[in-house]
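Participant: Sequence:
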Amino acid sequence: MLAIVGLVIGILIGLFFLRVQIPLVYTTYVSIAFLAGLDSVLGAIRSNIEKKFDLTIFISGFIVNILLAGLLTYVGDRLGVDLYLAAIVTFGVRIFQNFAFIRRDLLSKPSSE
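Counting with our numbering, you get residues 72 to 184 for the letters of the sequence shown.
Keep in mind the hints are simulated off the structure, nothing from the lab. Note that CB positions come from ideal geometry on N, CA and C, so glycine has one too. Careful, some of the hints might be misleading.
What follows is a list of derived Cβ distance ranges for each label pair [what the hints assert, rightly or not]:
1. Tyr97 to Ser179: 21 to 29 Å
2. Arg174 to Ile128: 20 to 28 Å
3. Pro181 to Val152: 46 to 54 Å
4. Val76 to Val101: 18 to 26 Å
All chains, please: the whole structure from these sequences, using the hints.
Facilitator: Dropping the structure here:
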């Protein structure tokens with residue numbers, strides 16, 4: 072729960088107090104990095120629910136996912152092929168699967184907890 076609060080606070084600070092403008096050339100890279108990060112965070116929440124969370128795995132997965140997605144996007148740009156679409160589909164599926172698991176877990180708990 073603390074991670075979600077921190078994420079929301081970070082998003083609000085970024086939206087209302089920081090005026091960062093991303094050049095149009097980098098928007099694809101930033102969106103892919105955002106999806107990779109969101110996938111890692113939701114995967115960490117899911118693994119925490121399953122009592123399998125490991126900080127080392129989370130941090131390494133977070134960094135490797137972002138770098139790999141960025142590299143895939145870069146190679147696709149150089150080849151003239153939209154390879155970033157593969158990352159969007161992959162991360163999209165994983166995000167929805169993790170979110171569905173988290174939602175089912177939250178809804179299946181008795182309200183007295």
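Participant: It remains to establish, for every hint, whether it holds in the given structure.
Facilitator: Here is how each hint holds up against the structure:
1. Tyr97 to Ser179: 21 to 29 Å: violated, 41 Å
2. Arg174 to Ile128: 20 to 28 Å: holds, 23 Å
3. Pro181 to Val152: 46 to 54 Å: holds, 50 Å
4. Val76 to Val101: 18 to 26 Å: The hinted range 18 to 26 Å holds for Val76 and Val101, with Cβ atoms some 24 Å apart.
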